[in-house]
Every structure is written in C-alpha cells, then in structure tokens.
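**Q** One letter stands for each residue in the lines below.
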Amino acid sequence: MLEIKGLHASVKGQQILKGVDLSVKPGEVHAIMGPNGSGKSTLAHVIAGRPGYDITAGSVLYKGQDLLAMTPELRAREGVFLAFQYPVEIPGVSNVYFLKAALNAIRKHRGQSELDAMDFLALVKEKAKLVDIDESLVKRPVNEGFSGGEKKRNEIFQMAILDPQLAVLDETDSGLDIDALRVVAAGVNQLRSPERAMVLVTHYQRLLDYIVPDVVHVLLDGRIVKSGDKELARELEARGYEWLEAPAAR
Amino acid sequence: MTPVAEKTELYRGEFEAFSASRRASEPAWLRRSREEAIARFQERGFPTTAEEDWRFTNVAPLARTAFRRSGPGEAAGVRAADVAALGFDHAFDGHEIVFVDGRLAPALSSIGPAGGLQICSLADVLSREPERIAGDLGRLLGGAKHSPSFADLNAAFLEDGACVFIPAGLVVEQPIHLVYLSSRAAGTPTLSHPRTLVLAGRNSQARVVESYGGVPGAVYFTNAVTEIALEAGAVVDHYKIQRESEAAFHVGLMAVVQGRASRFTSHSFSLGGGLVRNDVRQLFAAEGGECVLDGLFVASGAQHTDTHTVIDHAHPHCTSRELYKGILDGKARGVFVGRILVRAGASKTDAHQTNKNLLLSREALVDSVPQLEILASDVKCKHGSTTGQLDPAALFYLRSRGITEAAARSLLVCAFAGEVVGRVGVPALRRGLERNLRERLPGIRDREIQEAVL
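One line per chain: the protein sequences are A and B, in this order.
Letter 58 of the first sequence, counting from 1, is numbered 58 in this note's numbering, and no numbers are missing.
Letter 419 of the second sequence, counting from 1, is numbered 419 in this note's numbering, and no numbers are missing.
Only chain A is shown next, with the shape it has when bound in the complex:
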C-alpha cells in the first residue's frame, strides 16, 4: 500500500530525512519510534503533503501511484489521513459541517453517492460513540476551546468518519492521560481492518501497550536504523535509543 524508497527531505535547507525506506501492506500497523528531532513528524507530514518540505531524493508510492505528485486534498480523497500531533483551531468553521463537506468530497472521488444531512448525522452519532466524544463538541468550531485530549479524540473521530485506507497518527498519545489514552487507543483498535494500514508515530512505547503494532521501526537522524516486532519497542523503553546511535552515524 505504501512504498517509501530512499526518501530525503529538507526544510529551509536543513536535511531532515536522509534516506527512509518503509513498506506498509494493507491491514498492517507500523510504529515509528525515535527521539525528538529524528524526523518522525517530518515523515508524517511529507506523507500527508504538508507544504514547505523539499523532497530532494527518493520516492513514495501509494497504491502504486506517485504520492508526492498529489496535492494534500487529492491524497485525502485517495484515502490518506493524518491525525495531527497539534490539531489546528479554526474559529468560525463548524467541525461537523466541514467534516460533511470533506466526507462528501472523498465519497464523490470514490464514485460513491453523497450523504445527505440525515445519514451524515446518523454516522456522526455512531462514530462519536467510538471515541466517546461529546456530540456538542462535534458541533462547535473546529478544535476551538477543546482540551488537548478532546483535540486528539476529535482527530480519531474524523478518521472514523472519513474512513481512510492509510492512516498516519502523529504522536496521538502525547499529552493524553491514561484514561484518554485508553479511549483513543480503543477507538483506533476498532478501526483496524484488513483493508486499512496504519502508521503510528510515537515517542513512547506506552501507546503500543494499547495498540499493538505488527512492525516497529526506529527512526534516528533521518533514517530507519532498526526494525522489529513489538518486542523492539519494549527494548527501546528499557534501553533508550543510545545503543542504536552508532549505526545511525555510519
């Protein structure tokens, strides 16, 4: 589903990604771990198409297509979803109606019929339960006045509504207390399916106690230096990243 080869990316002349290789198949959950500044968020942003990154080398294929050639909105319509580390507050724009516009744009792109207001609100009701998000919150302006935990739930709620094929979750666990983390993780787990791939970007192993990944990668200084199963995450938690730094410096 996702084939990243030799990806190099820089921001304002500073090289962040220095040759990332990653292959994700449908149904798989991959965790990307790494210390601050290793390039985790950059990788997530580059997949979603955030402007401001220069791709200096490498390729990203998504369902066999050149993902890097697509606009962010086209990527979304093709089924890519990014749960933001820092969801943006947008005063004056209704969360639920913006989501309806987004969903119908995606459905139209997929050749599906658009949902009317009734069907959409039924869907909202169903998915709001999934992440235990208050329906009144859903109707407020996008993320405005939401607590940190509410913002993260809102991301997963949006993901549930938009039904992506490839979901990239950028530090969805950061800033969550254990109760909120359980709720968010349960929501994500319910969204796991054989057709959907997920990439979890995280700093801590804690999230992976709740969302068990198929593959764990360690990103250090812009490269994936080690991959393994969920035991690798535990090892990282116990030993830190230092023992991996030598190969990264090669």
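Worth flagging that the hints you see were computed from the coordinates, not collected in a lab.
Each residue gets a CB set at the ideal place from its N, CA and C atoms; glycine is no exception.
Hints should not be assumed to be uniformly reliable.
[Said to hold, decoys possible] Here are the simulated lysine-lysine pairs, DSS-like style, with alpha carbons at most 27 Å apart:
id	chain 1	residue 1	chain 2	residue 2
1	A	LYS151	B	LYS356
2	A	LYS139	A	LYS151
3	A	LYS5	A	LYS226
4	A	LYS25	A	LYS63
5	A	LYS139	B	LYS356
6	A	LYS18	A	LYS63
[To be verified] To give an idea of the chain B side of the interface with chain A (calculated C-beta under 7 Å), a few residues:
id	residue
7	ALA393
8	ARG399
9	THR404
10	LEU411
11	GLY418
12	GLU451
[Said to hold, decoys possible] Away from chain B, derived, C-beta distances all over 10 Å, residues of chain A:
id	residue
13	ASP21
14	GLU28
15	ASP209
Starting from the known structure of chain A, arrange chain B on it as the hints suggest.
**A** Same frame as chain A, now just chain B:
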C-alpha cells in the same frame, strides 16, 4: 495655489448659482449655514495627506475630477428593476425610501406612516416645515471648528436625503431601509450629497439600514453625511452597506450622539467603491450609554478603503465595544484609525477596541492605528490590532481532510468575515451580505462548504 486647492473654485462657482436659485424659498438659518459651510470649504480646501486625519488617503483623484450634480427630474427614469439590478434585493420587509443621484425617487419608495414613525425626504421637510429640523440639522457635527471639509461641502449643497423621526416610546418592528443609488453609467461623473437625519425619541427602538450603491463601472462621487441622535433610553441598530461602483468615490461621515442609557449599535460593511473614506464620530453625551461599532471592509484590485472612528467617552459609566475587520486582496489598501477618548471625569468607562486584518496578497496593505486617550481614572480600556495572512496550518489542516485549496481559502476568509456578518440582526440582510461575500470568493459556491461557515 496647488491644483487641488484650485478645484474649490469650481465648487464655489457652482455654489453661487445653486444658492441663488434657492435664495427666495429658504429660511435665513439654512442660507447662512450653507454660506458658512462653503466659505470654510473654500478656505480649507480638500484635505491633503499633510493632515494627520488624511495621511493615509490621498483625495487628489477625487478633487481633480469635474463632477456635476444631477438636475431635478433626471432620476425619474430609474425603475425598480434598475434598483434590483444593482444587487439590492428587496428581500427584507420594511419601510424603504430610495434616493437616486441624491434625490427622492417616490415611485421606488414605500414609506407609509406607521404608528407615529415618520420617514420623510429632507427636501420635503425643508420646503414644508424647515423649523422642525432647524435645531437638529448639523448639530451633531461638532461645530464649525470640527466639521470636516467634506461635511462642509455636504452642508453647502444640502438638498435631499432621509429624515427619520421615531417618536418617544415607539418600537419600530420593521427595519427602515434608506437606499442611496447613483444611476449613470456613462457621461459626466455625477455627484450627490445625501444627508440622513435620524432622531430617536426617549425609549424608542429601531433598526436603520443605509445602503449605498451604483451602476457598476460608473464614475461618481457620493458625499454622505448621517446624523443620528438618541435620546435617553433609545435603542438604535444601524447598518451601513456600502456597495458603490468600483470606480466610484465614497466619503461618508456618520455622527452619533447618545443620550442617557441609550444603546447604539453600528454595523458598517464597506465592500465597494474605488476610493472610500468612512468616518464614524460617536459621543456619549450622558451617563450609562452603550455603543457597539462593528465593521468589515473588503477591498481588492486597486480599491482604497479608509475608516476612521472616534468614540468619545465624555461621561461616566458608558461601555463601548468596537470590532473592525479588514480583508484586503490584490493591490488594495485599507486603513483603520480608531480613536477612543476617555475624558476627565468619565470614570467607570469600559472600552474595548479590536482591529483584525487579513491580507490575501503580497501587495495588499493595511494601516491600523489604535489611539487610546485616557484622561480619567478608574476605567477599563483595552485595544488590540492584528494583521496577518491566512494561517497556513489551518489551510493544510482543511486540505488534509480533502477540501480543495481554493475552497479552504474561501472557507477561512468567510469564517474571518463571519464574526462581523454573523452579528447582523436583520436575517435577510445577513443572507444578502453572505451571498455577496461568497460571490467575491472562489471555491465557495459549493453548498457544503457554505454550510461549514458558522
């Protein structure tokens, strides 16, 4: 003499002919007021950018243009369909009085008496019962020393406009719509000096909408003066919708004086015009008043739109809230100068002023100058001004959910404007403004995107 100053000679010459024709029929006070006004105008001339109040706005293009006032009867050919074509749909029920090129168009107006409310043409009042407004006309402009040049020009050539008399205790349910249109698309640029006088009696309540518009592309000059006096306990909700032709000049002064515990709300939408200057001069003349000044100016292309407001806390226990927003695109230029004066003794004043501007292009420019002058103690005053571009993080967030870039931009612009538009208390007017804004924005035609704006 500068070329701009020479131009005042033309107005002087025209004034001689104009006032000679009216001399016989006018009361002495009005004649004197005209003569003093033209004398002041001639002495001071058009303002120049050397004057503090005009340093951001150069009126030389206006001063250079030879305008002509339309003669009586020239507007007779304008029909309701022409008015509708200017985009002023008559969707909201209410009292409506229409002026074309500065003169009453009776056929287009529906101003039957309603429970003591009187909406009259100023020309009518001046010819039938001039004494009725002798004490009020010009009273709110702050005396000869403070009257701006353009207001003097308006006073010198004053002929017609709307007089709204709201008797004490009357609550006017239907909005009162004052429509000022300029008709000519070609030929000599025309000039009108519309004058509006609103007298709201004790504990009365009304909504007054002033709309200005003209034939697209037409060059003309609207030099409007509005005076609104609120007696004790009166509540007036005022709207100014400026949608002049993009080649037109619009200079408008609104002077408001508030009596004890009165409440005045202004919603100013400055959307059209090539060179636009709006002045709002408000005064709390007694304790306990409340004033809200909301405004939105939208300019693109080469439009220049300048707003100056003054809120004068001359008495204690008054509250003012001001929110002006600007959206500038292309090479447009916007100006917001908001002065809040808290005079000595005006304790317990509570004043907030906010100006937020959105620049949609590299070449658009805005000058924002908040001015707080506090001469009293025990007051709460704050102001804030921000100018910026669309938030790239918000744009990316929307796009990452499948919304196109054009729609995302328009959505954010509409949401920015929505804070002001959303406070319009005449639903049909609000919808009309929303429609008008959407028409100027790409990618917002999609009904679903429209729904997303609160």
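**Q** Evaluate each hint against the coordinates.
**A** These are the hints, each one checked on the structure:
1. With a CA separation close to 26 Å, the supplied pair LYS151 (chain A) and LYS356 (chain B) stays within the 27 Å bound.
2. For the suggested pair LYS139 (chain A) and LYS151 (chain A), the alpha carbons sit about 13 Å apart, so the restraint of at most 27 Å is met.
3. Between LYS5 (chain A) and LYS226 (chain A), the direct Cα distance comes to roughly 16 Å. Compliance with the 27 Å bound is thereby established for this hinted pair.
4. The straight-line distance between the Cα atoms of LYS25 (chain A) and LYS63 (chain A) is roughly 10 Å, inside the 27 Å bound, and the hint therefore holds.
5. Simply put, LYS139 (chain A) and LYS356 (chain B) have alpha-carbon atoms about 25 Å apart, close enough for the 27 Å limit, and the pair holds.
6. The straight-line distance between the Cα atoms of LYS18 (chain A) and LYS63 (chain A) is roughly 23 Å, inside the 27 Å bound, and the hint therefore holds.
7. This hint holds: ALA393 (chain B) has a C-beta 5 Å from the nearest C-beta of chain A, less than the 7 Å allowed.
8. Annotation: ARG399 (chain B) was flagged as interfacial toward chain A, and the flag holds, the nearest CB pair being 4 Å apart, inside 7 Å.
9. Restraint check, THR404 (chain B) versus chain A: the minimum CB separation of about 5 Å is within 7 Å; hint holds.
10. With a cut of 7 Å, the hint placing LEU411 (chain B) at the interface with chain A holds, because the nearest CB-to-CB distance is about 6 Å.
11. This hint holds: GLY418 (chain B) has a C-beta 5 Å from the nearest C-beta of chain A, less than the 7 Å allowed.
12. Hint on GLU451 (chain B) holds. Least Cβ distance to chain A is approximately 4 Å, under the 7 Å limit.
13. At roughly 24 Å, the least C-beta separation between ASP21 (chain A) and chain B is larger than 10 Å, which holds for a residue marked as non-interface.
14. At roughly 22 Å from the closest C-beta of chain B, the C-beta of GLU28 (chain A) stays outside 10 Å, upholding its exclusion from the interface.
15. Against chain B, the non-interface label of ASP209 (chain A) holds: every CB pair exceeds 10 Å, the least being about 28 Å.
Comparing the model with each numbered hint stated earlier shows that all of them hold.
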